[in-house]
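Protein chains in written order, with the UniProt record's numbering: chain X, 1 to 158; chain Y, 1 to 158; chain S, 1 to 158; chain A, 1 to 158; chain H, 1 to 158; chain F, 1 to 158.
Among the clues, some could well be false.
Because identical chains share one entry, a pair is satisfied inside a single copy or across any pair of copies.
Here are the simulated DSSO-like pairs of lysine-lysine, each with C-alpha atoms no more than 27 angstroms apart in a straight line [as the list claims (entries may be wrong)]:
no., residue 1, residue 2
1, K44, K20
2, K13, K44
3, K20, K128
4, K30, K128
5, K151, K132
6, K44, K132
7, K30, K153
8, K10, K128
9, K105, K44
10, K153, K44
11, K36, K153
12, K132, K30
13, K153, K10
14, K10, K30
15, K132, K153
16, K36, K128
17, K10, K20
18, K13, K151
19, K128, K153
If you are wondering where the hints come from, they were derived from the structure by calculation, not from laboratory data.
Number of protein chains: 6
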Amino acid sequence: MKGLTHVDEKGVKMVEVGHKREVFRRAVAKGRIRLKPETIELIKAGKTKKGNVIATAQIAGILAVKKTPELIPLCHPIPLTGVDISFEFGEDYIEATCEVRAFYKTGVEMEALTGVSVALLTIWDMVKAVEKDENGQYPFTRIEGIHVVEKVKGQALQ
Amino acid sequence: MKGLTHVDEKGVKMVEVGHKREVFRRAVAKGRIRLKPETIELIKAGKTKKGNVIATAQIAGILAVKKTPELIPLCHPIPLTGVDISFEFGEDYIEATCEVRAFYKTGVEMEALTGVSVALLTIWDMVKAVEKDENGQYPFTRIEGIHVVEKVKGQALQ
Amino acid sequence: MKGLTHVDEKGVKMVEVGHKREVFRRAVAKGRIRLKPETIELIKAGKTKKGNVIATAQIAGILAVKKTPELIPLCHPIPLTGVDISFEFGEDYIEATCEVRAFYKTGVEMEALTGVSVALLTIWDMVKAVEKDENGQYPFTRIEGIHVVEKVKGQALQ
Amino acid sequence: MKGLTHVDEKGVKMVEVGHKREVFRRAVAKGRIRLKPETIELIKAGKTKKGNVIATAQIAGILAVKKTPELIPLCHPIPLTGVDISFEFGEDYIEATCEVRAFYKTGVEMEALTGVSVALLTIWDMVKAVEKDENGQYPFTRIEGIHVVEKVKGQALQ
Amino acid sequence: MKGLTHVDEKGVKMVEVGHKREVFRRAVAKGRIRLKPETIELIKAGKTKKGNVIATAQIAGILAVKKTPELIPLCHPIPLTGVDISFEFGEDYIEATCEVRAFYKTGVEMEALTGVSVALLTIWDMVKAVEKDENGQYPFTRIEGIHVVEKVKGQALQ
Amino acid sequence: MKGLTHVDEKGVKMVEVGHKREVFRRAVAKGRIRLKPETIELIKAGKTKKGNVIATAQIAGILAVKKTPELIPLCHPIPLTGVDISFEFGEDYIEATCEVRAFYKTGVEMEALTGVSVALLTIWDMVKAVEKDENGQYPFTRIEGIHVVEKVKGQALQ
Numbered sequence: 001m002k003g004l005t006h007v008d009e010k011g012v013k014m015v016e017v018g019h020k021r022e023v024f025r026r027a028v029a030k031g032r033i034r035l036k037p038e039t040i041e042l043i044k045a046g047k048t049k050k051g052n053v054i055a056t057a058q059i060a061g062i063l064a065v066k067k068t069p070e071l072i073p074l075c076h077p078i079p080l081t082g083v084d085i086s087f088e089f090g091e092d093y094i095e096a097t098c099e100v101r102a103f104y105k106t107g108v109e110m111e112a113l114t115g116v117s118v119a120l121l122t123i124w125d126m127v128k129a130v131e132k133d134e135n136g137q138y139p140f141t142r143i144e145g146i147h148v149v150e151k152v153k154g155q156a157l158q
Numbered sequence: 001m002k003g004l005t006h007v008d009e010k011g012v013k014m015v016e017v018g019h020k021r022e023v024f025r026r027a028v029a030k031g032r033i034r035l036k037p038e039t040i041e042l043i044k045a046g047k048t049k050k051g052n053v054i055a056t057a058q059i060a061g062i063l064a065v066k067k068t069p070e071l072i073p074l075c076h077p078i079p080l081t082g083v084d085i086s087f088e089f090g091e092d093y094i095e096a097t098c099e100v101r102a103f104y105k106t107g108v109e110m111e112a113l114t115g116v117s118v119a120l121l122t123i124w125d126m127v128k129a130v131e132k133d134e135n136g137q138y139p140f141t142r143i144e145g146i147h148v149v150e151k152v153k154g155q156a157l158q
Numbered sequence: 001m002k003g004l005t006h007v008d009e010k011g012v013k014m015v016e017v018g019h020k021r022e023v024f025r026r027a028v029a030k031g032r033i034r035l036k037p038e039t040i041e042l043i044k045a046g047k048t049k050k051g052n053v054i055a056t057a058q059i060a061g062i063l064a065v066k067k068t069p070e071l072i073p074l075c076h077p078i079p080l081t082g083v084d085i086s087f088e089f090g091e092d093y094i095e096a097t098c099e100v101r102a103f104y105k106t107g108v109e110m111e112a113l114t115g116v117s118v119a120l121l122t123i124w125d126m127v128k129a130v131e132k133d134e135n136g137q138y139p140f141t142r143i144e145g146i147h148v149v150e151k152v153k154g155q156a157l158q
Numbered sequence: 001m002k003g004l005t006h007v008d009e010k011g012v013k014m015v016e017v018g019h020k021r022e023v024f025r026r027a028v029a030k031g032r033i034r035l036k037p038e039t040i041e042l043i044k045a046g047k048t049k050k051g052n053v054i055a056t057a058q059i060a061g062i063l064a065v066k067k068t069p070e071l072i073p074l075c076h077p078i079p080l081t082g083v084d085i086s087f088e089f090g091e092d093y094i095e096a097t098c099e100v101r102a103f104y105k106t107g108v109e110m111e112a113l114t115g116v117s118v119a120l121l122t123i124w125d126m127v128k129a130v131e132k133d134e135n136g137q138y139p140f141t142r143i144e145g146i147h148v149v150e151k152v153k154g155q156a157l158q
Numbered sequence: 001m002k003g004l005t006h007v008d009e010k011g012v013k014m015v016e017v018g019h020k021r022e023v024f025r026r027a028v029a030k031g032r033i034r035l036k037p038e039t040i041e042l043i044k045a046g047k048t049k050k051g052n053v054i055a056t057a058q059i060a061g062i063l064a065v066k067k068t069p070e071l072i073p074l075c076h077p078i079p080l081t082g083v084d085i086s087f088e089f090g091e092d093y094i095e096a097t098c099e100v101r102a103f104y105k106t107g108v109e110m111e112a113l114t115g116v117s118v119a120l121l122t123i124w125d126m127v128k129a130v131e132k133d134e135n136g137q138y139p140f141t142r143i144e145g146i147h148v149v150e151k152v153k154g155q156a157l158q
Numbered sequence: 001m002k003g004l005t006h007v008d009e010k011g012v013k014m015v016e017v018g019h020k021r022e023v024f025r026r027a028v029a030k031g032r033i034r035l036k037p038e039t040i041e042l043i044k045a046g047k048t049k050k051g052n053v054i055a056t057a058q059i060a061g062i063l064a065v066k067k068t069p070e071l072i073p074l075c076h077p078i079p080l081t082g083v084d085i086s087f088e089f090g091e092d093y094i095e096a097t098c099e100v101r102a103f104y105k106t107g108v109e110m111e112a113l114t115g116v117s118v119a120l121l122t123i124w125d126m127v128k129a130v131e132k133d134e135n136g137q138y139p140f141t142r143i144e145g146i147h148v149v150e151k152v153k154g155q156a157l158q
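Required output: the full structure, derived from the provided sequences and hints.
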């Protein structure tokens, strides 16, 4: 029967991965931020001109991927070989996709999930002024559906 | 007309808040991680005995609140006065609530959202072994509904 | 006679600023990276389309401003109120300008200098492939003239 | 009756300090690393020439003071006004003293204790080669007696 | 004759380890915090119910192990494969034990010592209210006996 | 034709290095800070006695080398094997040289450039009091000529 590998009678630990094989690892995560359609239009307009909301989110996400073992207490430091973050626009949402790759002993899905989360939080931060209502509240804004699309282990790097 | 305050023709910036009043600020954010009911049972059982999945998520969330200006590029460093993170269990989800307070020139909703996000990511990390299917995928796990419940400005500290 | 305030017979210290007045502080620093004219053209072309080399440098610089007390051992943590980084293109260089503002007991010129330095290093990182010669060396690339343009203390915030 | 302020039925929290007065705070902590007398002689000799073991420990300690809220999960970020770390040599030990000052709502003894701890760990790191025995073990080296010498609140800055 | 490997006539350096073999490395460190017997009782009571003081110290210690090269200036970044921190209760002390493992070119005793130190500092932070006397001083609290129990190199991972 | 490897139609990315060979990598960077001759004399005098300005700059530079992937958004985390920073004095400048070595898939010139930059910024911070004129400005101080002296790939470690 499966149990919680990080937890035993002594509390929590960073589980030993020394015996695991170094193989190519890849994980893709996705998530969405729901925004008002007019906010989407402003970002798109900005994008045509400067691309800055999206560029900032992309860079924040890449930096956050590298910070994963500092943020998630029991994650191992992993020598990452590559990170891509991309964005797609819906009418009232932006979807972020983060792919992380490494040649190592343990998987990189937490890194991909962290990249998506911080990219979406950064978008939120940059559109606060337009998403807030007259009382300073956010009735519409919401981060949704952060999930792992695919986790691959041991395949050759394409 | 409202616009994107962080963005102008020169790109992005950390907007000036020097002229804003120092007042009491409070923000509450919530979000959920959907897990298999059996995972919830394991965490609850663990909780009775050791409380460690939840304790780890709580601590990771509090630390992440303090890291917000490092993670979200245009956030200001803020002298926080207090942070609470709590959790509620549903049949197939855990809901995290993060409240952040400060006496300062700018609001703390990004801090509360960051606390919730990293607390939920930490839960994910600790239940990976039980949430993964036989192919190493996560068909069920998902972070949902991260939103700001309330943002308060200028009220007295209770 | 003036001496080195950080150094005494016991070694180095973070000098006491508790007795200094909290006033508005502003510092502007500039610096240049010399690049091949064809690299400049590539960045400019990229800029029209996506602005990403410059956006990445701008964001890296803003984040570095916030990291100053972590990088420069004897700097005080300072509650910054605003940061702007902008760029100008010459035929064979890019000039970065960083302005930092705070309402505090000590000046922010180290923050502005750090922002300029990391913004220019980030540009370098992003143009490595085009700046390197056939032997993998950088005969042309060079960061020059990092200096404080202006340091202002006690004036009203504009 | 006194209880554990950081802990309640919901787990741990960063306790609210918003209602506390901003006053001058000062804390002094001390601790020792026991070393072989010959190691002490080597450091002293080095000190006359370059002072580098002690200088490195001093700088590492000052940087660690600033990192306290990142290391100790429930510590508040505090705008520190000054930090001093000094060292005294015994025949078979070095004693580190760290004084931290701030004008703020909460005390700085954890900052002083963290500064002492990291300064002593840094000394250890720099003398590993001379402290290890032929089996690579450390039969003598030991960090001892880390304590708070004095905690002062509300007195004028001297 | 042995000398200080980190120090030469040019000052300090991060010594080259590129020529050392990658082998399995393990280090165990221990240390104690002396507390009032009533504080120990409060933590134990809390432990039965929630385990939070100890859980917080454990997580802070694990995170600190990963921060070692950031805290100790001349330490190398090391790809850690596992970390365990555990605690034992005496009548008037808590003893922390930290084991760190890696497959790498250099040892991990500084990592184990850093984990113990920060775990003990975190306990201190969480019991401040009960350890302080009526004058806000800590006449009893003290961190003692931080030492390396065992350093192992080249044995197979168990 | 060469292009900007970090930038494509989707924005920026951390480029994949998984297919690159692990070989010995070495990079040397240099740069200068121009200072008033009297400041140079003060540092030299201090150096004879305590060496602290230079020691602080050296340590700050070594720590910054390790922080490179945190500062430069698209840099990979690299397991560094050694770092040296040294200084030479001219009549009105100090020149810093930083050498970084690793056995890895990608080069370390950004690490060497970051080490030089932060070492020079640290010198600036420590001589502020003597470099400023009566109006608090820095008419003379300037960081100049940061460049890569040599980048070596695949040679044996000496």
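Query - Violations among the numbered hints - result: 1, 9 and 10
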